[in-house]
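Enquirer: Next come the chains, spelled out residue by residue.
2 protein chains.
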Amino acid sequence: MVAGDARQILVSEVGPRDGLQSIAATMSTAAKKRWIDALVAAGVSEIEVGSFAPAKLLPQLADTAEIVRHARLHPGLTVAVLVPNRRGAEDALASGAHKLTLPLSVSETHSLANLRRTHAQVLDEARAIAGLIAEMPAAERPHFEGSLSTVFGCTLEGPIADDVIRRCAAELMAAGADEVGLSDTSGYATPGEVRRLVALVRAVVGDAAVQGLHLHNTRGLGLANVVAGLDAGITTFDASQGGLGGCPFAPGASGNIVTEDLVFMLQAMGYETGIDLTALLRARDVVGEALPGEQLFGFVAEAGLPKGFAAPAQPVFAAELEKA
Amino acid sequence: MVAGDARQILVSEVGPRDGLQSIAATMSTAAKKRWIDALVAAGVSEIEVGSFAPAKLLPQLADTAEIVRHARLHPGLTVAVLVPNRRGAEDALASGAHKLTLPLSVSETHSLANLRRTHAQVLDEARAIAGLIAEMPAAERPHFEGSLSTVFGCTLEGPIADDVIRRCAAELMAAGADEVGLSDTSGYATPGEVRRLVALVRAVVGDAAVQGLHLHNTRGLGLANVVAGLDAGITTFDASQGGLGGCPFAPGASGNIVTEDLVFMLQAMGYETGIDLTALLRARDVVGEALPGEQLFGFVAEAGLPKGFAAPAQPVFAAELEKA
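Listed in order, the protein sequences are those of chains L and Z.
Residues in the first sequence are numbered from 144 upward in steps of one, following the working numbering.
Residues in the second sequence are numbered from 144 upward in steps of one, following the working numbering.
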């Protein structure tokens, strides 16, 4: 990512974590490695490869440490993992992950259901994780992201008050996070709310600390929300191959945005992702072969590219239209 | 539609025309009337109820004149029809339709395949139709729209040159059209191209003459393209209940954007459509009952509304973000 170059967008593949934790089948360790290799071959530069949640809670991801070690063999790849707490972060640091994401559900009800912790308890974990990282040699320190889950609303609580969101963002940064992401855990995000909440959180913690959106496609608005996120200056979007994923603790919420469709849209809009779409579709095939019977979503894989498709040289920014 | 009030968006339901012409089954005349009644009850204020194409080509729509007469019983409803030529326009005017749309495919290859006419021949038809309308008493004249089909690219020709698009738009207006719409016949539109081509056509014929977009969801970008269209100042969006439709002459292209999902997104963004979403979902049920076995698309019908959903009082415009 070249700072300040609005044409560069980072697509962070979260399928090996968010996708695989949400389905009944368990992908074999060998298949996970093949998938990651295929993603890297397609030019994907950041992959959330697993979660250091307790193996008894997420047996599908019990091999995360081995997957991290494999993924680290790819030069230039940012190997990201989810950590639910300090205990998971210790394992993550031991494995050599480059990026740790700790979710803080702004809905405290959801936080209790999902992580069995209050906000104060999650923030204690965040401080402890930041402390562990601070003890490491500077060159080895991973990036530490706090993710504001259910920030667009919660299936249990409904909309979350702006003040709660502001406080959670500020306290995550105060606890030592390097950035805060916005996560549409429930599939409630809409383009207007994406614009409003990105601006709201940035006003609290600064623009540079809010770069990433994690969007679901539960109500079909996933890519519309990406367009709004681009307008709002977001430069990192999570996505999952075949739309695998969602949150098993948020009933009815399912389906990350589809990496293939996201990359097609970004390229068609003139953004650079560094990803080769044809090779990305091959990586999707690895998932299909490794998870027979699992439904893969996405339009581009079925409809193909438009005849004569060529990505434009430059994005057309909404702001330029307003000036015209 | 209050001119200049950017919060008001017109959702034009095209399912009874574009949807029903694209499927194998024929909906009964009685069911079409029930559907239209249910749409009106939901607050839909413009419906494309049929096409005056020859009945031997589109037998599913052979009852269009009767449907127009029924739809006209609803005060305040704009009853729109598609007309392929002067002959169809004569029938449309006799039926009392309020709005006539003549497609001009900017891909001349597609125009020959679809309407069996060159651009010059379609423009001759447009002039003839405008002439028929001009002979009517002013109070009875319908609105006459020229629709730029395949404007985002053609399954036969690929991308269409900007100059061809500019010329088609200018010549449709010169032929007597009141406005030109942009139609993504092939499902090739992307948010960047929506912004670029709306601006391009407006630069030729003026902003007021370009208000409408007809979008498909072939590659999953339908609602993302709506967000781009809103940014570009578009105020009318065609959509089809359950996503029924597409173009039978463009292989592989299918699926209008889903009215229910569109209305949800617009309301969630703070736009006013005048449509009641719950009643709109009941109208969808009329379609499902009348077309057993036909696949209906759409996310909101399955996922439901977010818990505690309330439409915001005001849209968040991209331009305001730029100012902030």
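What the hints contain is simulated information worked out from the structure, not anything from laboratory work.
Values in this document were obtained by computation on a predicted structure and should not be read as measured data.
Among the clues, some could well be false.
Identical chains share a label here; the pair holds if one copy fits it or two copies do between them.
Said to hold, decoys possible - Straight-line Cα separation of at most 20 Å, EDC-like style, residue types lysine to aspartate or glutamate; simulated pairs:
#1 K242 x D305
#2 K199 x E283
#3 K242 x D180
#4 K242 x D206
#5 K199 x E437
#6 K176 x D428
#7 K199 x D305
Enquirer: Now, for every hint given, state plainly whether the structure supports it.
Expert: Verification of the hints:
no.: 1; hint: K242 x D305; in the structure: neither (28 Å within a copy, 45 Å between copies)
no.: 2; hint: K199 x E283; in the structure: neither (29 Å within a copy, 73 Å between copies)
no.: 3; hint: K242 x D180; in the structure: within (18 Å within a copy, 56 Å between copies)
no.: 4; hint: K242 x D206; in the structure: within (17 Å within a copy, 63 Å between copies)
no.: 5; hint: K199 x E437; in the structure: neither (23 Å within a copy, 43 Å between copies)
no.: 6; hint: K176 x D428; in the structure: within (14 Å within a copy, 46 Å between copies)
no.: 7; hint: K199 x D305; in the structure: neither (35 Å within a copy, 59 Å between copies)
Comparing the model with each earlier hint shows violations of hints 1, 2, 5 and 7; every other hint is respected.
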